[in-house]
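Number of protein chains: 2
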Amino acid sequence: MAGKRRKFFGWGYEGEGLSPTEADALIKGVADRYGVTLERKAPPIEAEIDLPASKVELPAKLQGFCTTDKDDRLRHTYGQSFPDFIKMLDRDFTHAPDAVAWATSEEQVADVLEWASSKRVAVIPYGGASSVVGGVEPVVGSGYNGTLSLDLTGLDKIVEIDKTSRAARIQGGIRVPALEAGLKPHGLTLRHFPQSFEMATLGGMIATRSGGHFATLYTHIDDFVESTRTVTPRGVMESRRLPGSGAGPSPDRLMLGGEGTLGVITEAWMRLQDRPTFRGGTTALFKDVYAGAEAVRAISQAGLYPANVRLLDAAETQTNGFGDGRNAVLVLAFESADHPVDAWMARALEICRECGGQYDEDAAKDPDSHLSGAAGAWRTAFIRMPYNREHLTTVAAINDTFETAITWDRFREFHDNVKAATEQAIRDATGRDGIVTCRFTHTYPDGPAPYFSFHALGRPGAMLEQWQQIKNAASDALIKFGGTITHHHAVGRDHMPWYRQQMPALFQDAVQGAKARLDPAGILNPGVLVDPAPTA
Amino acid sequence: MAGKRRKFFGWGYEGEGLSPTEADALIKGVADRYGVTLERKAPPIEAEIDLPASKVELPAKLQGFCTTDKDDRLRHTYGQSFPDFIKMLDRDFTHAPDAVAWATSEEQVADVLEWASSKRVAVIPYGGASSVVGGVEPVVGSGYNGTLSLDLTGLDKIVEIDKTSRAARIQGGIRVPALEAGLKPHGLTLRHFPQSFEMATLGGMIATRSGGHFATLYTHIDDFVESTRTVTPRGVMESRRLPGSGAGPSPDRLMLGGEGTLGVITEAWMRLQDRPTFRGGTTALFKDVYAGAEAVRAISQAGLYPANVRLLDAAETQTNGFGDGRNAVLVLAFESADHPVDAWMARALEICRECGGQYDEDAAKDPDSHLSGAAGAWRTAFIRMPYNREHLTTVAAINDTFETAITWDRFREFHDNVKAATEQAIRDATGRDGIVTCRFTHTYPDGPAPYFSFHALGRPGAMLEQWQQIKNAASDALIKFGGTITHHHAVGRDHMPWYRQQMPALFQDAVQGAKARLDPAGILNPGVLVDPAPTA
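Going line by line, the protein sequences match chains A and B.
Per my numbering: the first sequence = residues 1 to 536.
Per my numbering: the second sequence = residues 1001 to 1536.
Honestly, the hints are just simulated from the structure, not real lab data.
Check before you lean on any hint, since a few could be wrong.
Pairs of lysine-lysine, DSS-like flavour, derived with a Cα cap of 25 Å [stated by the list, open to error]:
no.: 1; chain 1: B; residue 1: Lys1163; chain 2: A; residue 2: Lys163
no.: 2; chain 1: A; residue 1: Lys184; chain 2: A; residue 2: Lys4
no.: 3; chain 1: A; residue 1: Lys87; chain 2: A; residue 2: Lys55
no.: 4; chain 1: B; residue 1: Lys1087; chain 2: B; residue 2: Lys1007
no.: 5; chain 1: A; residue 1: Lys7; chain 2: A; residue 2: Lys157
no.: 6; chain 1: B; residue 1: Lys1163; chain 2: A; residue 2: Lys480
Simulated coverage check for chain A against chain B, where a stretch passes if three residues somewhere in it have a Cβ under 8 Å from a Cβ of chain B [claimed, not checked]:
no.: 7; segment: 126-140
no.: 8; segment: 160-174
no.: 9; segment: 226-240
For glycine and all other residues, C-beta sits at the position ideal for the given N, C-alpha and C.
I would like the entire structure built from these sequences, with the hints used as guidance.
Structure follows, in C-alpha cells:
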C-alpha cells in the first residue's frame, strides 16, 4: 500500500475509480433516466476548507504520535455515508476532530484513553473509515471538552500464524488486502470480503459485525473470531483462544458489534480457511424475486452451504448492467479447498429447477464460472460500486442502500411494504419517481438478508433533507414490518433512532451497565449504541 | 410424561435405569477392577431426612403456586453432580431451598422476582436440574434472607410453529422429549440432544449453552436460538425474531450462558431442522487417539460438517464395552433431510484412510448404521451412562467427567498433561491407580472438545474430599495448558474458581455491570458467574 494516498473525497486511493469517460457515462445515465440536464458541483479540496481551532491541548506524552494538523483533522471527519458526501460537498467540517492519534502500539492506545478519560475528550476509534452509518463522525453532543480520532491503521501486523489450527493472531488496524497478502504465502485466507474490503480493517470489521464473502453459514465475521484483545480505559481485556466454550456468556460476542464504544480491538486470533481450489457456479433465472426467493429458501434449508446464493431482483440486474431487467437472477456458487463440489452443485441446481429456475448446464460446469458470465459481471460491479458516489452526489443524484434481515414467513409482505414505503418517500421528497431495487446479500435457513438500493433525483441544496426523509421512511418500514435496522452495515449514529426501537430497552440498559465498567468516563465513541454521557 | 415421578436419588424417572442384575454386574466390575470387596450404602429416602424450618414467609400472592413443603424442598436441593450424589448419600440437606415456586405463567415468574427482590431472597431458576456443576444448588452465601427454587417445568408449551422459516416459539420449561413429540407431527425437530435430554428443559439448555447432537457446526444450542424472551427483576426483555442481525452486540448472546443470573428465559423462538431421511455412518479404527485426532482435524477443516465425528480413545471404548481397548475408534456419521450423503461420506472416509484409519466398507453403506454396530452400541451406552452413578456412588466408586476445548496445535501436549495430572491426582487422593479416558464430543476447524471420564476407588466418608482433590488437579491442568473449564457443562458453582481465572477480569466486571441493571437486588442465582451480593 506504500505510496498510495487515500482520496480526500470519494472511495479508495487517489487515481483509482472511474475514468473521466466512465464518470461522464454514469452522469449521462442519470440525466437520461430523469430527462434533465445536470450541473456538476465541484468536489471539495482541502485548501478551501476553514477549520475552527482545535479545542484540545495535547500533553507531551501524546505529542509524538498525535496531531492537531488541519490535514489530519479534515481527513478524519467523515466516513463513507451518503450524508458524509453531502456535508463534504457543502464544505461543512463543523465536527472535525480536535486531534488525530496515529497509534502504532497498544501502549499508545492506552495512553490516549487514559488522557482522554481524565480530560473528558471523546475518542472515536478509526480504522477503514468505510462506515456508511456515521460510525466515525465525531458528533458527540455537548458533554465533552473535545474529540480525538484514534487512527488504528498503524497496527497492521500479522503477529503469529498457527497453520495446524488454521488461525492467526492479527493486529486490529490491518486492512483486508494486506491481511490477505500476508496469509497467501501460507495457503491461508480469512476469506471475508465486505464491499469495503480495500479499506476495511480487521478491528473495524469485528467492531461492526461486518458481512463478508460467504452468503451462507459464515456470513458475519462473528464466527471467524477465535479470541479478541481489547484496550479499554480500564485496561486490557483478552479472551482465551478457544475453538468453542460454554463458560458463561462469550466475551468476544460482547465486543462483536461494540462499534468502538466498549474498547479498542487491538488484536484478534482469527479462524482462517484454506484457499479454495474446487469451484462450481452459475446463474439461474427466475420469473420474479418471489420465485427466486423460494429457491434460495430451499437451498438454505438443505444443508448445502453454498459460498454464494445471491438473488437479484429484475430491476437490480438492470441497474447493474448485466441483466435485461425481465428476470430475477440467482448467482449460485460452491467452493472448496478439499473436494470437488459437483454433488453440492447438482442438488442446488435441482432445487432451482424445482422452483422454476432456468440455467445454462455447461456454465455450471465451468471451473472459472466465478470469474466469467453474469457472476463475473456481478463481482466486478460489486467491487466498483463504491466509486460511483463521488460522481453521483455532485449532480444531486441521491443514491444509497440499506439492508436488513427477515424470517421467510414474512419476506413477501416485508419486501413489498419496505419497497413501497421507500418509493413513496422518494416521490414525496423529490417530486418524482425513483428506483428501488432489492437483492439478497446473505441467507439463512430461517430467512434472507435483503439489501435495498435506491436512486432518486435530488435538488442541490436540499439533498440532505430529501435523503433523510427517504431514509426515515425506509427505516420506519424496516422496523414496523419486523426486520432489523441493519444486518451488516452497523448502527453508527445514523441508525440510533431505530436501534432504540429495535433493541429491548433492558438490553440497552445492560450494555450501558457493561460500558460503565469498561469506560467509566464515557469517552468511547459517544452517541453510538449508548447515548453520550450527560454534561458534567 | 404424565404419571411419571422423578427419582429422588438418581437419574430419570422411578422404575427406570439399570435392572438389579445390571446394577450387580456394574458393581462387580468395580470390585474386580480394584480387587476389593465392596459394601453398598443405602440410598437416601425422604422420610429419613430432617430439614430445618423454612426461613421465608410466602405472601398471599405467591401462595397459590409456591410451597414450603418438605418434599418439594428436598427435591429441589440438588442437581446431578458427583458431589450432589455424595451429599445426598450423607443425608446432607443443609442448603435445601426455603421455598419452591411451581410457575406456570410468566406473570408468576415476575411475581416471584418482585417479592424476592423486595425481601432479598435468592432465586434459583430450576429446569431439568441436570446440572453437573452445582448450577441449581441453593448455596448463596450469607447475604440473603432465604432461598427459593423457581421450578419452570410448568412452562411447557409449544406456542407457535412457523414451518416456512422452520422455527417455533417454545416455552422455557419444556423438556426435550415433550418438545420433540410436539414438533414431530410437523416433520420438524430441534435435533439438540445433550446426554441429559430426557430431563433437560429448553430454557436450561439456553442458559447453560448446552452441547447437543451435532458434533460439528451446530454444536452448542447457541446457533439454534432465533430470539429469546426473558423475565428479569426489572421487567421483560424480548429480542426481535431475526435470522441474522448486525445491530450492536447480540442480546441473545448475553442470555446464552447467563445460567439464570441475568433473568429467567420463559420463551424462545428456536431454529428447527427437517427430520433426516438420508444417513451414512460407520466407525473407523486408528492406532491411537493422536492418529484419530489427525483424521478428525482434517475432516473438520474440509467443510463436510458430519453430524457425528466422535473419537474415543482405546480405554474409552473398553470402559464402555464396545471395543477391545487396543484402538481408538472414530464414530462417523452424516445425515440429511434433503439429499443422499454419499459424496460427503466418501470424502470423509478417504480422509480416514489417508490418516491410517481402518473401516468396514459395507457398514458405511448401511442406512441403519447409526442404530447398529459400534455406533449403535455407543448411542445406547451414551443414553444409559447417567443411570450408573446412583449405583457407583453407593460403593464409594468415584466416577465423573469433565470436558473442555483446545486448539489443534496444542491438543497433544494438552491431552497428555491433563490426563497425567488427573491420573496423578487419583493416586494421590485414593492411594491407587484409577482410569482416565478421553473422547471428543464436538469438533471445530480450529480444535476439538475433549471430554475426559475418570474412575477411582474412594473411601466411604472421604469421597467428597477425594473427589475435590482430583477435580482441582484436573481443572488446574485445563486452565494451565490453555483449555476452557467447560465446553458445554457450564460454570455453576463448582467451576467458579477456574472461571475466575479463565475469563478476563474486565469482562467479569462488565457482566456484573450488566447484571446490576437487570437484577439490582442481586437475587438471581447468586454464586454463579457473579459473586453473591455482599451482606446488606
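Quick rundown of the hints versus the structure:
For the hint linking lysine 1163/B to lysine 163/A, the alpha-carbon distance of about 42 Å lies beyond 25 Å, and the restraint is violated. The hinted pair formed by lysine 184/A and lysine 4/A meets the criterion: a straight-line CA distance of about 22 Å does not exceed 25 Å. At most 25 Å may separate the alpha-carbon atoms for a hinted pair to count; lysine 87/A and lysine 55/A meet this at roughly 21 Å. With a C-alpha separation of about 16 Å, the suggested pair lysine 1087/B and lysine 1007/B falls inside the 25 Å cut-off, and the hint holds.
For the hint pairing lysine 7/A with lysine 157/A, the CA-to-CA distance comes to about 24 Å; that is within 25 Å, so the pair holds. Our distance criterion of 25 Å between C-alpha atoms is met by lysine 1163/B and lysine 480/A, whose separation comes to about 23 Å. Counting residues of the segment 126-140 of chain A whose CB lies closer than 8 Å to any CB of chain B gives 0, which falls below the minimum of 3, so the coverage claim is violated. Judged by the Cβ-Cβ criterion of 8 Å, the segment 160-174 of chain A is covered by chain B as claimed, because 5 of its residues qualify and three suffice.
Under a criterion of three residues with beta carbons nearer than 8 Å to beta carbons of chain B, the stated coverage of the segment 226-240 of chain A is upheld, 9 such residues being counted.
This entry does not satisfy hints 1 and 7, going by the numbered hints stated previously.
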